[in-house]
Amino acid sequence: MTVSASVVADPGRNCPLCPRLVAFREEARAREPGWFNAPVPSFVPGSGPRSARVLIVGLAPGLRGANRTGRPFTGDYAGDLLYDTLISYGFATGKFEARPDDSLTLIDAAVTNAVRCVPPENKPIGAEIGNCRQFLETTISSFPNLAAIVALGRIAHESALRALKPHLPLAPSAYRFVHGAIHEVAGPSGPLLFTDSYHCSRYNTNTGRLTPEMFRSVFSALRERIG
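Residue numbers (this note's numbering): 1411 to 1637.
Since the hints were made in silico from the structure, they are not lab data. Please note: incorrect hints may appear among the correct ones.
[Unchecked claim] Per label pair, the in silico range of CB-to-CB distance:
1. ILE1535 with PRO1601: 12 to 22 Å
2. ARG1439 with ILE1592: 36 to 46 Å
3. ARG1441 with LEU1580: 41 to 51 Å
4. PRO1601 with GLY1458: 21 to 31 Å
5. ARG1633 with ARG1460: 14 to 24 Å
6. ARG1441 with ALA1596: 19 to 29 Å
7. GLU1442 with PRO1579: 25 to 35 Å
8. ARG1635 with GLU1437: 39 to 49 Å
9. ARG1509 with PRO1579: 34 to 44 Å
10. SER1457 with THR1548: 11 to 21 Å
Here the structure is a predicted model, which is why all the values come from computation and not from measurement. Note that CB positions come from ideal geometry on N, CA and C, so glycine has one too.
Taking the hints into account, I'd like the entire structure generated from these sequences.
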């Protein structure tokens, strides 16, 4: 079994930056004391951040998913589709069983969220996204061999581009969110491919906005580009 290590960019368990999220966290701790109920750390390869060339950025932990289990995209449908796809394209190995002590191990990839705490109704507000961006910036800088970022959804797209702003040749607004788009940008360690996908939430797949085939095509194209 390999459980990911936390990178230094992760906020502390009692991060005080967002009063609304702090209050929601405390309510969850009182209601479900056995859950993780804290900012969810990034999921990195067992060999450490140096081995990750791809960073997947989601929106925020789900209440009964990562907020419960303590690992990004673990415990809800979005993780089923994400990790099955990562295994299919060689970015992970083992078996995903929706718990942090399963045999799933990341290879060449890491997973994080634009907002680390679970928000009410899965909807962070602008101030919360902005407060948490410092951790996203440091997370991106923690991977010295990073070659690509996959943004899952428009909010992750916008927040990740703002985190990269000092390195971008154009303003973040110049890079439109389009499912399947691959933008050539720059990061703290050099050139980056910035890839967009609709978020792999159950809502998006149930409404047909995102199909498993559409989602897999994003990682298929990325695998071809980075080798």
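Hint by hint, here is what the structure shows:
Range check, ILE1535 to PRO1601: Cβ separation about 33 Å, and the 12 to 22 Å hint is violated. Remark: the range hint 36 to 46 Å for ARG1439 to ILE1592 is upheld by a beta-carbon distance near 41 Å. A C-beta distance of roughly 45 Å is found between ARG1441 and LEU1580, which places it inside the suggested range of 41 to 51 Å. At roughly 22 Å, the beta carbons of PRO1601 and GLY1458 sit within the given window of 21 to 31 Å.
Here the CB-CB span from ARG1633 to ARG1460 is close to 20 Å, well matched to the stated 14 to 24 Å. At roughly 44 Å, the beta-carbon separation of ARG1441 and ALA1596 lies outside the given 19 to 29 Å, and the hint is violated. For GLU1442 paired with PRO1579, a C-beta distance near 46 Å fails the hint of 25 to 35 Å. Distance hint for ARG1635 and GLU1437: a CB-CB separation of about 43 Å, consistent with the stated range 39 to 49 Å.
Evaluation of the 34 to 44 Å hint for ARG1509 and PRO1579 yields a pass: the beta carbon distance comes to about 42 Å. In this structure, SER1457 and THR1548 meet the distance hint of 11 to 21 Å, their C-beta atoms being roughly 20 Å apart.
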